[in-house]
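S.K.: The residues making up each chain are set out below.
Number of protein chains: 2
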Amino acid sequence: MRFSKLFVPTTKETPKDATLPSHAYLIRAGFIEQLGSGLYNFMPLGKMVLDNIKSVVKDEMDKAGAQEVIFNFITPSTFWKESGRYSAYGKELLRFKDRKENEFILSPTNEESAVEMVRNKITSYKQLPLHLYHINTKFRDEARPRFGLLRGREFLMKDGYSFHEDEEDLAREFDLMHETYTKIFTRLGLNFRAVDADSGAIGGSGSKEFMVLADNGEDDIIVCDKCSYAANIEAAKRSKKTSKAQKPEFNMMSKFHTPNINTIEAVANFFKVDKFYTIKAVIKKAIYEDKSEIVVFFVRGSDELQEVKALNACGALELEDASIDEIEKAGIVAGYCGPAGLGENINFYIDSELKGERGLICGANEKDYHIIGFNVLSFKDSRFKDLVAVQSGDECLVCGGKLSITKGIEVGHIFKLGQKYSAPMNANFLDRNGKSVPFFMGCYGIGVSRLVAVAVESKHDEKGMIWNKELAPFELIIIVSSIKDEEQMKFGEEIYEFAKNLGIKVILDDRNERFGVKMSKFELIGFPYAIIVGKGLKDSKVELITRDGLEKKEISISEIKECIKELLS
Amino acid sequence: MRFSKLFVPTTKETPKDATLPSHAYLIRAGFIEQLGSGLYNFMPLGKMVLDNIKSVVKDEMDKAGAQEVIFNFITPSTFWKESGRYSAYGKELLRFKDRKENEFILSPTNEESAVEMVRNKITSYKQLPLHLYHINTKFRDEARPRFGLLRGREFLMKDGYSFHEDEEDLAREFDLMHETYTKIFTRLGLNFRAVDADSGAIGGSGSKEFMVLADNGEDDIIVCDKCSYAANIEAAKRSKKTSKAQKPEFNMMSKFHTPNINTIEAVANFFKVDKFYTIKAVIKKAIYEDKSEIVVFFVRGSDELQEVKALNACGALELEDASIDEIEKAGIVAGYCGPAGLGENINFYIDSELKGERGLICGANEKDYHIIGFNVLSFKDSRFKDLVAVQSGDECLVCGGKLSITKGIEVGHIFKLGQKYSAPMNANFLDRNGKSVPFFMGCYGIGVSRLVAVAVESKHDEKGMIWNKELAPFELIIIVSSIKDEEQMKFGEEIYEFAKNLGIKVILDDRNERFGVKMSKFELIGFPYAIIVGKGLKDSKVELITRDGLEKKEISISEIKECIKELLS
Numbered sequence: 001m002r003f004s005k006l007f008v009p010t011t012k013e014t015p016k017d018a019t020l021p022s023h024a025y026l027i028r029a030g031f032i033e034q035l036g037s038g039l040y041n042f043m044p045l046g047k048m049v050l051d052n053i054k055s056v057v058k059d060e061m062d063k064a065g066a067q068e069v070i071f072n073f074i075t076p077s078t079f080w081k082e083s084g085r086y087s088a089y090g091k092e093l094l095r096f097k098d099r100k101e102n103e104f105i106l107s108p109t110n111e112e113s114a115v116e117m118v119r120n121k122i123t124s125y126k127q128l129p130l131h132l133y134h135i136n137t138k139f140r141d142e143a144r145p146r147f148g149l150l151r152g153r154e155f156l157m158k159d160g161y162s163f164h165e166d167e168e169d170l171a172r173e174f175d176l177m178h179e180t181y182t183k184i185f186t187r188l189g190l191n192f193r194a195v196d197a198d199s200g201a202i203g204g205s206g207s208k209e210f211m212v213l214a215d216n217g218e219d220d221i222i223v224c225d226k227c228s229y230a231a232n233i234e235a236a237k238r239s240k241k242t243s244k245a246q247k248p249e250f251n252m253m254s255k256f257h258t259p260n261i262n263t264i265e266a267v268a269n270f271f272k273v274d275k276f277y278t279i280k281a282v283i284k285k286a287i288y289e290d291k292s293e294i295v296v297f298f299v300r301g302s303d304e305l306q307e308v309k310a311l312n313a314c315g316a317l318e319l320e321d322a323s324i325d326e327i328e329k330a331g332i333v334a335g336y337c338g339p340a341g342l343g344e345n346i347n348f349y350i351d352s353e354l355k356g357e358r359g360l361i362c363g364a365n366e367k368d369y370h371i372i373g374f375n376v377l378s379f380k381d382s383r384f385k386d387l388v389a390v391q392s393g394d395e396c397l398v399c400g401g402k403l404s405i406t407k408g409i410e411v412g413h414i415f416k417l418g419q420k421y422s423a424p425m426n427a428n429f430l431d432r433n434g435k436s437v438p439f440f441m442g443c444y445g446i447g448v449s450r451l452v453a454v455a456v457e458s459k460h461d462e463k464g465m466i467w468n469k470e471l472a473p474f475e476l477i478i479i480v481s482s483i484k485d486e487e488q489m490k491f492g493e494e495i496y497e498f499a500k501n502l503g504i505k506v507i508l509d510d511r512n513e514r515f516g517v518k519m520s521k522f523e524l525i526g527f528p529y530a531i532i533v534g535k536g537l538k539d540s541k542v543e544l545i546t547r548d549g550l551e552k553k554e555i556s557i558s559e560i561k562e563c564i565k566e567l568l569s
Numbered sequence: 001m002r003f004s005k006l007f008v009p010t011t012k013e014t015p016k017d018a019t020l021p022s023h024a025y026l027i028r029a030g031f032i033e034q035l036g037s038g039l040y041n042f043m044p045l046g047k048m049v050l051d052n053i054k055s056v057v058k059d060e061m062d063k064a065g066a067q068e069v070i071f072n073f074i075t076p077s078t079f080w081k082e083s084g085r086y087s088a089y090g091k092e093l094l095r096f097k098d099r100k101e102n103e104f105i106l107s108p109t110n111e112e113s114a115v116e117m118v119r120n121k122i123t124s125y126k127q128l129p130l131h132l133y134h135i136n137t138k139f140r141d142e143a144r145p146r147f148g149l150l151r152g153r154e155f156l157m158k159d160g161y162s163f164h165e166d167e168e169d170l171a172r173e174f175d176l177m178h179e180t181y182t183k184i185f186t187r188l189g190l191n192f193r194a195v196d197a198d199s200g201a202i203g204g205s206g207s208k209e210f211m212v213l214a215d216n217g218e219d220d221i222i223v224c225d226k227c228s229y230a231a232n233i234e235a236a237k238r239s240k241k242t243s244k245a246q247k248p249e250f251n252m253m254s255k256f257h258t259p260n261i262n263t264i265e266a267v268a269n270f271f272k273v274d275k276f277y278t279i280k281a282v283i284k285k286a287i288y289e290d291k292s293e294i295v296v297f298f299v300r301g302s303d304e305l306q307e308v309k310a311l312n313a314c315g316a317l318e319l320e321d322a323s324i325d326e327i328e329k330a331g332i333v334a335g336y337c338g339p340a341g342l343g344e345n346i347n348f349y350i351d352s353e354l355k356g357e358r359g360l361i362c363g364a365n366e367k368d369y370h371i372i373g374f375n376v377l378s379f380k381d382s383r384f385k386d387l388v389a390v391q392s393g394d395e396c397l398v399c400g401g402k403l404s405i406t407k408g409i410e411v412g413h414i415f416k417l418g419q420k421y422s423a424p425m426n427a428n429f430l431d432r433n434g435k436s437v438p439f440f441m442g443c444y445g446i447g448v449s450r451l452v453a454v455a456v457e458s459k460h461d462e463k464g465m466i467w468n469k470e471l472a473p474f475e476l477i478i479i480v481s482s483i484k485d486e487e488q489m490k491f492g493e494e495i496y497e498f499a500k501n502l503g504i505k506v507i508l509d510d511r512n513e514r515f516g517v518k519m520s521k522f523e524l525i526g527f528p529y530a531i532i533v534g535k536g537l538k539d540s541k542v543e544l545i546t547r548d549g550l551e552k553k554e555i556s557i558s559e560i561k562e563c564i565k566e567l568l569s
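Quick mapping for you: the protein sequence lines, in order, are chains Z and E.
The numbering of the first sequence is our numbering, which starts it at 1 and goes up by one.
The numbering of the second sequence is our numbering, which starts it at 1 and goes up by one.
Certain hints may be false.
Intra- or inter-copy, both count: the list cannot distinguish identical chains.
[What the hints assert, rightly or not] In silico lysine to aspartate or glutamate, EDC-like type, Cα no more than 20 Å apart, as pairs:
1. Lys63 to Glu497
2. Lys5 to Glu566
3. Lys355 to Asp175
4. Lys5 to Asp62
5. Lys91 to Glu103
6. Lys63 to Glu318
7. Lys505 to Asp62
8. Lys58 to Asp175
9. Lys500 to Asp59
10. Lys91 to Asp59
11. Lys63 to Glu513
12. Lys100 to Glu470
13. Lys121 to Glu13
14. Lys5 to Glu68
15. Lys244 to Glu265
16. Lys126 to Glu513
17. Lys5 to Glu165
18. Lys121 to Asp51
19. Lys329 to Glu179
20. Lys505 to Asp548
21. Lys54 to Glu353
22. Lys505 to Asp274
By construction, these hints were calculated from the structure, which means they are not laboratory data.
Just need the whole structure built from these sequences, with the hints factored in.
M.R.: Written out as structure tokens, the structure reads:
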């Protein structure tokens with residue numbers, strides 16, 4: 001390809017809302033353009049990167065035995081009513097009517113369509129397993145689209161759905177997909193971790209997220225410094241925490257007057273004990289489909305409540321902060337709430353690590369009083385849930401290593417769905433015993449268009465983007481310094497043709513522009529390598545620049561072809 | 001690929017609304033399934049055909065210098081308001097609102113998006129020409145979706161948009177696309193014609209349709225038996241028609257009493273003249289954006305009015321049949337309407353071929369009277385328009401050859417848009433004279449998913465589909481007659497591996513099914529070739545079946561590999 005023919009509308013203006021390098025660079029370099037909130041067109045260079053990603057994803061999915069299909073983007077609402085998600089899915093699900101007043105949705109994901117494609121067609125365990133996937137447009141009407149392609153509304157996703165005769169075969173496919181995703185993200189040159197994850201709105205019995213480590217990531221990931229353990233903070237576990245701080249000695253449980261001592265810090269100071277030995281109450285308003293109520297979560301004073309864990313504990317759709325009014329109305333004394341003697345009419349949960357702990361301090365459920373020497377003994381098992389946010393420095397549950405927090409961007413998510421969709425949608429088959437049972441399903445997603453931005457987030461510098469060879473729209477750019485110099489142009493054309501014939505993705509910068517302009521475009525766009533054909537040609541030399549690090553090397557023209565071969569073919 | 005692993009949910013049931021072979025076969029063979037009215041999912045075999053079509057289209061578009069992009073499917077209404085199509089486009093345009101009450105459309109085509117991508121980025125003639133295309137989902141909310149993929153609502157289209165500095169360069173690109181489309185449809189193995197076309201709702205100054213000739217086509221195409229002239233009947237021209245019938249001789253124009261003679265047939269009988277020498281009035285109600293009125297079209301008694309030509313003549317949005325009431329209210333005498341003495345307050349048009357003709361018979365605009373010896377002389381030029389439907393047997397305007405009518409299905413359409421979109425959307429550039437002018441644009445569409453069905457319509461038999469090599473999901477199927485016969489299975493595997501290593505798209509039917517079932521599936525699906533490994537293997541023979549014609553040939557196993565090579569590699 002000749003640069004003079006390519007549509008690369010670069011711009012010096014960075015959009016106001018572009019707070020991330022990927023967002024700013026992709027627009028400035030003419031890869032994408034914004035059409036509306038969360039809506040982006042792909043221009044030729046962006047489309048090429050997208051195609052490169054798609055072809056890696058397709059290649060590995062096919063190798064793993066999955067079969068590509070197309071589910072309609074416009075889906076009749078009937079299927080989503082069968083699964084129950086038509087009403088349960090929030091405002092992100094765009095619902096509309098056609099000219100005949102029939103209801104439809106713009107697919108944000110395709111579990112229902114996949115079930116519909118298979119039910120009544122696969123009727124026996126003999127036809128299983130089956131894995132269908134597609135790479136197609138999705139729409140989620142995000143409340144706050146942001147970060148360019150990272151949180152858009154219309155986007156490209158690879159979503160796959162597998163069907164199995166039992167949990168065991170589902171587990172086999174889940175592991176195969178774990179392996180396949182690892183191959184995909186490795187080929188894409190990304191620094192990623194597969195982490196334990198919460199299953200969220202998709203649901204199911206187990207899931208793993210693939211996270212690319214990036215400073216600008218929206219997600220907190222817990223990683224172990226010794227073993228391979230990694231988890232999204234929403235799902236992270238740790239060894240039961242201990243403390244080296246002096247444990248307070250109380251002879252017996254008793255009520256203590258603590259006027260105006262209504263924060264954990266104040267309590268620890270007042271009693272001169274470490275916060276570890278106190279119990280903190282976090283009071284929330286839980287929203288259910290048909291009601292809302294106050295729920296109290298108790299964790300150690302030294303811990304923080306993890307909101308998604310809390311949400312899963314009480315099974316609500318959402319948690320909101322509770323107002324003082326609402327708290328008091330529920331019969332709770334704000335600032336002095338504790339598990340000891342809290343009415344059974346109040347819904348509360350206690351972090352599992354507190355189970356059986358003795359000699360703690362907590363609120364007395366009476367203004368200006370705390371209880372000391374409290375033992376966490378007399379609660380039924382269902383009150384105890386994993387509620388805490390793992391912290392940096394906590395111990396790994398697997399190996400005892402040190403955990404730390406790092407930032408990540410989700411690029412893939414694999415789920416064991418089990419019968420969550422097949423059961424309500426009556427998608428059954430005859431198993432080995434001749435019994436009609438719903439399929440065991442898995443689902444597997446990759447954010448294809450998001451990956452364009454993620455690749456930039458994970459590798460760039462202050463001058464622009466840095467693509468790896470597999471993703472780059474072109475692997476090599478030949479920059480002819482002055483196209484009016486016939487010698488330069490001739491030699492540029494010669495090595496351009498040479499590289500092209502080797503099957504290398506190469507572009508010739510034959511534009512009538514100043515050398516500085518050409519260089520800064522190369523740096524901004526971030527092709528992996530550039531060969532500069534300039535004044536040095538008189539001395540039989542050209543320059544090779546590696547974009548990653550911008551290292552320059554003079555190379556004799558007698559050696560340049562060999563050098564191109566070695567680097568890129 | 002092994003057939004036992006492939007998801008091919010064939011069915012014996014033909015959907016009730018499947019009146020066309022392509023519709024019935026694609027569903028019965030498990031290529032597609034219906035999800036709702038005009039909505040079809042593609043299953044693995046269907047997806048493979050679609051990908052084969054896409055890759056031919058992309059290959060030829062890229063060779064022609066066009067660049068692939070992605071326009072959003074969800075388009076903000078603002079752009080369509082700028083072009084004026086938000087209100088002008090009918091109910092096929094699906095309009096909806098997002099959670100913030102912003103208006104959007106589901107793109108049925110992307111002229112506006114293309115203009116938006118280029119304006120303010122291309123600023124000088126030096127950056128022209130430019131051709132951007134994409135292959136993506138479209139939605140048209142058809143009033144009556146039918147014929148399976150031929151008239152669906154969600155479909156896949158390749159649409160390209162080119163930008164030029166003048167009409168001349170646009171004409172060059174138009175010709176290049178004519179050539180490119182010819183290459184594409186030739187590679188797809190289709191029997192097609194490029195025909196002159198009416199530009200319809202997209203508009204512009206000239207257009208050509210690519211029509212695949214097929215008995216079940218929705219379109220009438222006029223073709224010449226001598227030269228390459230071909231046109232959609234909506235745009236077809238002919239040599240001025242003459243008649244060998246005896247011309248009536250009238251000494252002078254006069255009114256004649258013709259009681260109850262109010263049809264052309266009756267008039268011709270009454271006067272004992274050929275209908276060719278009479279003038280017929282076709283009276284319509286023309287609907288404009290802001291009004292409706294009665295319009296009269298005059299053609300020879302031996303001709304038929306072509307509705308699209310009539311529509312273009314009067315510039316209305318739509319033509320409806322007029323009721324007797326409406327006709328009389330307009331001051332027209334039904335059954336006796338003629339151009340002679342028709343009030344100037346009535347809007348009427350006369351077919352161009354009648355201009356200057358003498359001695360005709362027409363209505364006298366008075367009940368029970370006709371005029372004889374009428375000369376079509378005293379009308380202003382703007383009354384004369386091409387109004388007639390070309391008929392089988394008419395003479396070719398280009399070469400004098402005989403024209404005939406054949407049926408076709410539209411698969412591509414290329415348009416010279418000129419400044420129809422760039423002008424209202426203020427998409428300007430500086431031309432060679434430093435003047436700011438709107439881009440000259442072309443647009444070029446191919447119905448990609450429709451082509452899957454068209455290929456079937458154009459080639460099939462009573463047993464099923466017949467794919468050509470380029471389109472077929474697999475070019476060759478190796479059918480092992482009995483998989484329990486080790487010899488058969490071993491030889492089947494051997495030639496399967498052999499063909500695979502040659503890069504041939506090959507599938508091994510290793511299913512535990514009766515031979516008859518395997519054969520009928522091969523015939524229904526329509527892979528180009530089958531090799532049957534059966535009982536003949538004992539005598540060192542296999543059978544080669546060519547799907548087109550179902551011709552069978554015994555081949556020695558020592559020759560089969562050479563035979564595969566010759567046929568397919």
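S.K.: Provide an ascending list of the numbers of those earlier hints which the structure does not satisfy.
M.R.: Of the numbered hints, 2, 3, 6, 10, 11, 12, 18, 19, 21 and 22 do not hold.
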